[in-house]
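Asks: Single-letter residue listing:
2 protein chains.
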Amino acid sequence: MRQETILVLAEPHDPQLQRLAKKLADVKIVAGNSADTFAQQAANATVLCNWSGSLELFRKVFAMCLKLRWVHSRSAGLDQALFPELILSAVPLTNGSGVFSPSLGEFALGAILYFAKDFRRLIQNQMAQNWEPFDVTMAEGKTVGIVGYGDIGKAVAARARPLGMQVLALKRNAPERGETDPHAEQFFGPAQRIEMISRSDYIVVAAPLTAETRGMIGEAEFAAMKPTAVVINVGRGPVIGEKALVRALSERRIKGAALDVFDHEPLPAGHPFYSLENVLLSPHCADHTPDWLDNATDFFVEQFERYRKGEALWNVVDKKLGY
Amino acid sequence: MRQETILVLAEPHDPQLQRLAKKLADVKIVAGNSADTFAQQAANATVLCNWSGSLELFRKVFAMCLKLRWVHSRSAGLDQALFPELILSAVPLTNGSGVFSPSLGEFALGAILYFAKDFRRLIQNQMAQNWEPFDVTMAEGKTVGIVGYGDIGKAVAARARPLGMQVLALKRNAPERGETDPHAEQFFGPAQRIEMISRSDYIVVAAPLTAETRGMIGEAEFAAMKPTAVVINVGRGPVIGEKALVRALSERRIKGAALDVFDHEPLPAGHPFYSLENVLLSPHCADHTPDWLDNATDFFVEQFERYRKGEALWNVVDKKLGY
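Protein chains in written order, with the numbering used here: chain D, 742 to 1064; chain F, 742 to 1064.
Be aware that a few hints might be false.
In this list, chains with the same sequence are indistinguishable; a pair is considered to hold if it fits within one copy or across any two.
Said to hold, decoys possible - When the alpha-carbon atoms are kept at most 30 Å apart in a straight line, the in silico DSS-like pairs for lysine-lysine are as follows: (1) 895 - 883; (2) 764 - 883; (3) 763 - 808; (4) 912 - 764; (5) 912 - 967; (6) 801 - 1060; (7) 1060 - 912; (8) 808 - 764; (9) 763 - 883; (10) 1050 - 764; (11) 1050 - 984; (12) 808 - 984; (13) 895 - 984.
Just so you know, these hints were derived from the structure itself, not from any lab.
Put together the whole structure using the sequences plus the hints.
Replies: Laid out in structure tokens, this is it:
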């Protein structure tokens, strides 16, 4: 069997390194958060895993490696994991897609019901000791349009459909002829997004950040939305034009937004999202279940076993497309 | 065809009376909120519908009727619709069960996700301009125990199961041998409620208020709950011992409660539920969708058509059991 050396870009005291070392006891693992750590081993390393390193470190260490056969990114989003040398190289890149989907599916469903039942109004009335019955809306019968129908988008659909919601799905490539989906009723290409958005009561953004998706939801898209529409972003902040979103929310041209991702994280103090009451603001922790790091480690270990046996890897990324 | 006269206990200007008159144009309908209104017609009335009358008025008008063949209550809960003469009479009583179930199913699911994702903490941090990522929990894999597995309970189960939750169900009568349920994994009788409650992460109370269910969830039941348990009441307030609930919440022996029903409504000013931050307080409007009154009227009209054709009525109540 080939001698494998795994480089892991991570904080030296990250407890997941122990989990990894225990699960892969027979493998040489070198971990650290500076390029110097890897000076001795990089030339012979076969696997590079970016657990929590910066894009800069990732790029630097990648350049030091001569025998890489596989690169893995813990994150599902690759906007911080792609650089020209990696894109051009023949080494396959995989990502953590799938690990985060159930939690983000639940967050999106929770956000739908939060707005349908107006939980914020309930809390405000409770704090004011104000007994004020009001009409709530139903999720049942409403339409959810999913921008980016990958693993996260499907996790949303699988949870919304049983509520009696209609699911519309936007994806880059139309499904193959005869390909069906158990949840989505109709598919749209990127060029048809205005049509899908204008029909949706809830617009869930779950697209990766690429040159093509950056700013994909902007002024024209907000103008096409129903005044009762709610936007939910569980993908990447910049897929939505932030200024256009702030305007639509401030002017109450849409009902609200539930946001787990932002252009700049942490969201700077004084940002309008903090004071807009029609925003449900989650500080990019909707996927932070108590076991998400364990799951991400275990996913890498399973991938490594597939790699070692020469089996096809999961989540091989199209590096040029960026997802 | 027999000449039918329907008495409707309702406010004289209730707009639903117009909807009813339009849908049943060929039927004599007498409506009002005082017994005098019905003095002329009661003796010959065949149908009595309690739309929004008090228990006192209901009882008084019932006593004036000599030829009743059917009594209907708009509400699903009958604790305000039962009195000895009605219980003892041979006239069938039906209720509005079913009309409210989808909205209450959605509220319960929303409440589960509200606590799993800690929406209140998100709102508090947002208001304080505090970016503080924290761990959220998953609904997936958790257990929901449903106390009262009727139409509302089933509506909760049908929405929780697709999230990957385990559903336990408590009902008065065990299911018939061979009877299966698409959502509930295990059934419990009232005597086994401690066992079911101790296994549940979410306890949804959807039981009618009867002599048997009053105070059914009290000190012993709260003592059996997990410290992370959340109680959700979409049935009737007094099924839960209110003092025991306030104590469990104040002492943080359970995680929280989502309450749509109370011992006294409106909830009196200064009540502890207003100030407990682990309570999601809904002023008995979780079923107030914009069309709930239309739906309740249409249900009565459909029932009336069945009645007139001599077909079996839906929702015939066991008046002695009280549901």
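Asks: Now tell me, hint by hint, if it's right for this structure.
Replies: Now the hints, each set against the structure:
1. Within a single copy, residue 895 and residue 883 get their C-alpha atoms as close as 17 Å, and across copies as close as 21 Å, so both meet the 30 Å cut-off.
2. Proximity of residue 764 and residue 883 under a CA criterion of 30 Å is satisfied inter-copy only: 27 Å between copies versus 46 Å inside one chain copy.
3. For the homomeric pair residue 763 and residue 808, the shortest alpha-carbon distance inside one copy (25 Å) is at most 30 Å, but the shortest distance between copies (81 Å) is not.
4. Taking CA atoms no more than 30 Å apart as the test, residue 912 paired with residue 764 passes in neither setting, with 37 Å inside one copy and 46 Å between copies.
5. Proximity of residue 912 and residue 967 under a CA criterion of 30 Å is satisfied intra-copy only: 21 Å inside one chain copy versus 43 Å between copies.
6. Taking the shortest alpha-carbon separations for residue 801 and residue 1060, only the intra-copy value of 18 Å comes in at or below 30 Å, while the best inter-copy value is 78 Å.
7. When the C-alpha separation of residue 1060 and residue 912 is checked against a cutoff of 30 Å, the pair qualifies only within one copy, where the shortest distance is 17 Å, while the shortest distance between copies is 55 Å.
8. Taking identical chains as interchangeable, the C-alpha atoms of residue 808 and residue 764 lie at most 30 Å apart only when both belong to the same chain, with a minimum of 23 Å there against 79 Å between chains.
9. In this assembly of identical chains, residue 763 and residue 883 lie within 30 Å of each other by CA distance solely across copies; the values are 29 Å between and 48 Å within a copy.
10. For a Cα distance limit of 30 Å, the shortest separation of residue 1050 from residue 764 inside one copy, 16 Å, qualifies, whereas the shortest one across copies, 71 Å, does not.
11. For the identical chains of this complex, residue 1050 and residue 984 are neighbours neither inside a copy (49 Å) nor across copies (62 Å), given an alpha-carbon limit of 30 Å.
12. In the homo-oligomer, the alpha carbons of residue 808 and residue 984 never lie at most 30 Å apart, since the shortest distance is 45 Å inside one protomer and 69 Å across protomers.
13. In this assembly of identical chains, the alpha carbons of residue 895 and residue 984 lie at most 30 Å apart only when taken from the same copy (28 Å versus 44 Å across copies).
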